[in-house]
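Quick mapping for you: the protein sequence lines, in order, are chains W and C. Take the first sequence: its letters are residues 1 to 127, numbered as in this note's numbering. Take the second sequence: its letters are residues 128 to 307, numbered as in this note's numbering.
In case anyone wonders, no lab produced these hints; they're calculated from the structure. Note that CB positions come from ideal geometry on N, CA and C, so glycine has one too. Be aware that a few hints might be false.
[Stated by the list, open to error] Distance condition first, Cα-Cα at most 30 Å in a straight line; then the derived DSBU-like pairs of lysine-lysine: (1) C:289 / W:59; (2) W:109 / C:268; (3) W:11 / C:289; (4) W:59 / W:86; (5) C:289 / W:86; (6) C:268 / W:11; (7) W:11 / W:59; (8) W:12 / C:268; (9) C:268 / C:221; (10) W:12 / C:289; (11) C:268 / C:289; (12) C:176 / W:12; (13) C:176 / C:221; (14) C:278 / C:221; (15) W:111 / C:226; (16) C:278 / C:289; (17) C:278 / C:268; (18) W:86 / W:111; (19) C:278 / W:59; (20) C:268 / C:226; (21) W:12 / W:86; (22) C:226 / W:11; (23) W:59 / W:111; (24) W:109 / W:59; (25) W:109 / W:86; (26) C:226 / C:289.
[Stated by the list, open to error] Calculated from the model, a selection of chain C residues having no Cβ within reach of chain W, i.e. all distances over 10 Å: (27) 151; (28) 158; (29) 166; (30) 178; (31) 208; (32) 237; (33) 257.
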Amino acid sequence: MARLKNIEELKKLRNEAQKDLMVRTQTGTRIIIGMGTCGIAAGAREVMHAVLRELEVRKIEAHVETVGCVGMCAREPLVDIEQAGKSRVRYANITPEHVPRLIEDHLMKGKVIQEWAIGRLDARKIQ
Amino acid sequence: MRELSLHVLDVIENALEAGVSWIQVRIDEDLEADLLTIEIVDNGRGMSKELLDRVLNPFYTTRRTRHVGLGLPLFREAARRCDGELVIQSEPGKGTRVKATFRRSHIDRAPMGDIPSTLLAPLLSGHAVDLDYTHSVEDRKFQLNTAEIRKELGNIPLACPKVRDWLFQELREGEASLHP
Numbered sequence: 001m002a003r004l005k006n007i008e009e010l011k012k013l014r015n016e017a018q019k020d021l022m023v024r025t026q027t028g029t030r031i032i033i034g035m036g037t038c039g040i041a042a043g044a045r046e047v048m049h050a051v052l053r054e055l056e057v058r059k060i061e062a063h064v065e066t067v068g069c070v071g072m073c074a075r076e077p078l079v080d081i082e083q084a085g086k087s088r089v090r091y092a093n094i095t096p097e098h099v100p101r102l103i104e105d106h107l108m109k110g111k112v113i114q115e116w117a118i119g120r121l122d123a124r125k126i127q
Numbered sequence: 128m129r130e131l132s133l134h135v136l137d138v139i140e141n142a143l144e145a146g147v148s149w150i151q152v153r154i155d156e157d158l159e160a161d162l163l164t165i166e167i168v169d170n171g172r173g174m175s176k177e178l179l180d181r182v183l184n185p186f187y188t189t190r191r192t193r194h195v196g197l198g199l200p201l202f203r204e205a206a207r208r209c210d211g212e213l214v215i216q217s218e219p220g221k222g223t224r225v226k227a228t229f230r231r232s233h234i235d236r237a238p239m240g241d242i243p244s245t246l247l248a249p250l251l252s253g254h255a256v257d258l259d260y261t262h263s264v265e266d267r268k269f270q271l272n273t274a275e276i277r278k279e280l281g282n283i284p285l286a287c288p289k290v291r292d293w294l295f296q297e298l299r300e301g302e303a304s305l306h307p
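Could you put the whole structure together from the sequences, leaning on the hints where they help?
Rendered as structure tokens:
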């Protein structure tokens with residue numbers, strides 16, 4: 001690492017993260033973004049950036065995960081949202097402009113945005 | 128693609144599919160020689176000579192989810208239209224090296240784009256992969272090696288929100304330091 005001044009910061013971070021790691025891995029929320037060639041070309045990286053920014057602004061600690069192509073290239077960027085105990089919902093053709101509403105309605109209010117959703121998958125525990 | 132960093136991300140995503148545990152990304156901007164070099168090396172399963180011969184064919188892919196593989200052909204075209212070239216070396220069991228060169232000042236050269244998001248994306252994948260990154264612009268250099276970061280973090284994953292946000296900030300500050 002180039003800037004060793006940040007090692008101390010990293011150690012502090014490790015201690016903080018350790019405290020709530022267990023709770024979060026059991027109950028956390030996952031936002032999963034398709035990052036295959038098709039997703040990348042359609043703007044998935046910008047969507048990921050918008051998701052991270054929105055989580056930061058709203059101080060929400062959700063897991064963000066990237067995955068490869070799932071074969072629905074025409075519907076990219078795909079964003080799945082999974083919350084503990086609920087079905088995983090897949091949203092299609094998401095743009096950075098959609099992200100604030102996605103976080104507000106789905107994550108915060110628990111309301112599925114029907115006009116953007118294309119399917120539900122079974123909920124599973126976060127690994 | 129509208130940014131060179133999107134090509135980098137695409138090659139990295141290919142590497143993840145090839146079961147890598149380590150990826151090295153080097154970007155070198157030599158203003159005097161007017162040369163931009165992007166090199167991505169991984170320790171994945173590599174490719175046979177036969178596969179290597181076909182990998183730049185846009186109508187070839189090893190995936191079963193679709194029938195085209197546009198990533199590398201697009202990267203090669205981006206390099207070629209800027210008086211550069213794309214070279215791929217690979218060996219089964221040993222990994223792959225993708226090296227692209229560009230005339231840096233070429234009018235058709237796409238901007239580097241959003242490198243911090245590009246490098247963060249694979250670190251948020253379910254793959255346990257380490258990234259060794261170096262970006263040089265003349266005598267300025269930014270390096271980040273996630274293996275060293277992991278050593279400090281112990282069992283805390285890089286995708287853990289607090290760590291992820293810290294990492295993203297490190298990448299943003301590091302890249303910004305190259306263009307004061």
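How the hints compare with the structure:
1. About 11 Å separates the Cα atoms of residue 289 of chain C and residue 59 of chain W, which keeps this hinted pair within 30 Å; it holds.
2. Distance hint between residue 109 of chain W and residue 268 of chain C is unfulfilled; the C-alpha atoms sit about 45 Å from each other, more than 30 Å.
3. For the proposed pair residue 11 of chain W and residue 289 of chain C, the alpha carbon gap of about 12 Å is at most 30 Å, so the pair holds.
4. Distance hint between residue 59 of chain W and residue 86 of chain W is fulfilled; the C-alpha atoms sit about 22 Å from each other, no more than 30 Å.
5. Our distance criterion of 30 Å between C-alpha atoms is met by residue 289 of chain C and residue 86 of chain W, whose separation comes to about 24 Å.
6. With a C-alpha separation of about 24 Å, the suggested pairing of residue 268 of chain C with residue 11 of chain W holds against the 30 Å cut-off.
7. Distance check on the hinted pair: residue 11 of chain W and residue 59 of chain W sit about 21 Å apart at the alpha-carbon level, within 30 Å; holds.
8. Restraint check for residue 12 of chain W and residue 268 of chain C: satisfied, since their Cα atoms lie roughly 26 Å apart, inside the 30 Å limit.
9. For the proposed pair residue 268 of chain C and residue 221 of chain C, the alpha carbon gap of about 28 Å is at most 30 Å, so the pair holds.
10. Between residue 12 of chain W and residue 289 of chain C the CA atoms are separated by roughly 11 Å; this keeps the pair inside 30 Å, and the hint holds.
11. At most 30 Å may separate the alpha-carbon atoms for a hinted pair to count; residue 268 of chain C and residue 289 of chain C meet this at roughly 26 Å.
12. Taken as a hint, the residue 176 of chain C and residue 12 of chain W pair is broken in the structure, with Cα atoms around 48 Å apart against an allowance of 30 Å.
13. A distance of roughly 13 Å separates the Cα atoms of residue 176 of chain C and residue 221 of chain C; the hinted pair therefore holds under the 30 Å criterion.
14. In summary, the hint linking residue 278 of chain C to residue 221 of chain C is supported, as the alpha carbons are separated by about 25 Å, within the 30 Å threshold.
15. For the suggested pair residue 111 of chain W and residue 226 of chain C, the alpha carbons sit about 46 Å apart, so the restraint of at most 30 Å is broken.
16. At roughly 16 Å between alpha-carbon atoms, residue 278 of chain C and residue 289 of chain C fall within 30 Å of each other, so this suggested pair holds.
17. As the CA atoms of residue 278 of chain C and residue 268 of chain C are separated by approximately 23 Å, the hinted pair is consistent with the 30 Å bound.
18. At roughly 11 Å between alpha-carbon atoms, residue 86 of chain W and residue 111 of chain W fall within 30 Å of each other, so this suggested pair holds.
19. A C-alpha spacing of about 27 Å is found between residue 278 of chain C and residue 59 of chain W, which places the hinted pair at or below 30 Å, so the restraint holds.
20. Taken as a hint, the residue 268 of chain C and residue 226 of chain C pair is honoured in the structure, with Cα atoms around 19 Å apart against an allowance of 30 Å.
21. For the hint linking residue 12 of chain W to residue 86 of chain W, the alpha-carbon distance of about 33 Å lies beyond 30 Å, and the restraint is violated.
22. Restraint check: the Cα-Cα separation between residue 226 of chain C and residue 11 of chain W comes to about 36 Å, which exceeds 30 Å; the hinted pair is violated.
23. For the suggested pair residue 59 of chain W and residue 111 of chain W, the alpha carbons sit about 19 Å apart, so the restraint of at most 30 Å is met.
24. Restraint check for residue 109 of chain W and residue 59 of chain W: satisfied, since their Cα atoms lie roughly 15 Å apart, inside the 30 Å limit.
25. Taking the CA atoms of residue 109 of chain W and residue 86 of chain W, the gap is near 13 Å; set against the 30 Å cutoff, the hint holds.
26. Annotation: proposed proximity of residue 226 of chain C to residue 289 of chain C is violated, straight-line Cα distance about 34 Å (limit 30 Å).
27. Listed as a non-interface residue, residue 151 of chain C keeps its Cβ farther than 10 Å from every Cβ of chain W; the least gap is roughly 15 Å.
28. Remark: the non-interface label on residue 158 of chain C is consistent with the geometry, its nearest Cβ contact in chain W lying 21 Å away (cut-off 10 Å).
29. Every beta carbon of chain W lies more than 10 Å from that of residue 166 of chain C, the smallest distance being close to 19 Å; the non-interface claim holds.
30. The Cβ of residue 178 of chain C sits about 17 Å from the closest Cβ of chain W, beyond the 10 Å cut-off, so the non-interface label holds.
31. In this structure residue 208 of chain C is separated from chain W by more than 10 Å, as the shortest Cβ-Cβ distance comes to about 17 Å.
32. A cut-off of 10 Å between C-beta atoms confirms that residue 237 of chain C is not in contact with chain W; the least separation is 13 Å.
33. Its beta-carbon lying about 12 Å from the closest one in chain W, residue 257 of chain C satisfies the requirement of being farther than 10 Å from that chain.
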